[in-house]
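Undergrad: Sequence:
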Amino acid sequence: MKKHTSKKGEAKEPADRLFILNRASKLFRHQGFERTTVKQVAEACEMFPGSLHYRYNTKEALLVDLMKLAIEQISSAVLEACASSTEPTEQLRACINAHLRVLVTDSDMVYVLLFEWRSLKGDARNKMLGLRDQYEQLWAGLISILVEQGVIRNDLNQDLLRIIGLGALNWVSTWYKEDGTHTLEEIGDFIWSFLMAGLVTSPATKKAPAKKKVAATKKAPVKKKSTATKKTPVKKKSV
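Basically my numbering = 1-based index in the sequence shown + 284.
Treat the hints with care, as some may be off.
[To be verified] Straight-line Cα separation of at most 25 Å, BS3-like style, residue types lysine-lysine; simulated pairs: (1) LYS352 to LYS323; (2) LYS405 to LYS352; (3) LYS461 to LYS343; (4) LYS461 to LYS310; (5) LYS343 to LYS310; (6) LYS323 to LYS405; (7) LYS411 to LYS343; (8) LYS411 to LYS310; (9) LYS323 to LYS343; (10) LYS323 to LYS310; (11) LYS405 to LYS461; (12) LYS405 to LYS343; (13) LYS310 to LYS352.
Worth flagging that the hints you see were computed from the coordinates, not collected in a lab. Predicted model only: the values in this text are computed from it and were never measured.
Produce the entire structure from the sequences given, and follow the hints as far as they go.
TA: Here it is, written out as structure tokens:
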């Protein structure tokens with residue numbers, strides 16, 4: 285394994301940034317951001333804590349930089365996947381699989397990006413949310429194009445579609461196992477097929493009419509027939 289420091293604590297080259305962030309992301313993913321100390325990150329990077337502090341004055345600053353790189357990684361992968369085809373539905377399938385691949389197998393950073401943002405406070409959190417929004421805009425743009433082209437139904441809420449769709453993809457990383465029953469691509473294709481079945485336009489696809497609520501009507505009370513018979517008055521005979 286190639287050494288990334290000439291002496292403990294000394295940066296060797298700009299590539300050290302990637303080395304540090306990779307080591308930190310592994311710790312954050314498996315231990316959690318809150319439970320990981322700066323000392324542990326420094327030891328994993330073969331650095332003194334002071335040298336790490338010189339690069340990142342807080343653990344939060346390290347996390348924000350890590351998230352910036354994660355955004356670059358996953359954005360690049362999704363854009364490349366989108367460019368791999370000119371057929372809209374195939375573009376969506378490729379983007380879904382690219383997102384899953386980077387999230388689950390290629391990068392601990394993207395996992396940290398998606399699941400550790402709540403660890404940040406104040407300005408650091410605002411920066412991270414801005415980065416996350418940039419990535420989500422890629423999907424918003426893709427969905428909008430598919431709607432304009434008539435591929436996806438135009439009666440659907442595009443914001444909810446994006447949020448729920450990405451949520452389903454992100455959750456795969458919490459249960460997926462490499463030695464499991466299904467490959468990552470099979471899972472991605474299934475999600476794509478499932479979405480397409482409910483999203484794509486077709487002659488048979490019609491918006492279900494709203495059901496009118498039938499006002500409850502009160503039944504008029506049934507009058508009971510009286511069984512009592514009135515006696516005919518007896519006329520008195522005149523004497």
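Undergrad: Give a verdict on every hint.
TA: Structure-based check of each hint:
no.: 1; hint: LYS352 to LYS323; result: holds (22 Å)
no.: 2; hint: LYS405 to LYS352; result: holds (16 Å)
no.: 3; hint: LYS461 to LYS343; result: violated (30 Å)
no.: 4; hint: LYS461 to LYS310; result: holds (17 Å)
no.: 5; hint: LYS343 to LYS310; result: holds (14 Å)
no.: 6; hint: LYS323 to LYS405; result: holds (21 Å)
no.: 7; hint: LYS411 to LYS343; result: holds (15 Å)
no.: 8; hint: LYS411 to LYS310; result: holds (22 Å)
no.: 9; hint: LYS323 to LYS343; result: holds (10 Å)
no.: 10; hint: LYS323 to LYS310; result: holds (14 Å)
no.: 11; hint: LYS405 to LYS461; result: violated (32 Å)
no.: 12; hint: LYS405 to LYS343; result: holds (12 Å)
no.: 13; hint: LYS310 to LYS352; result: holds (16 Å)
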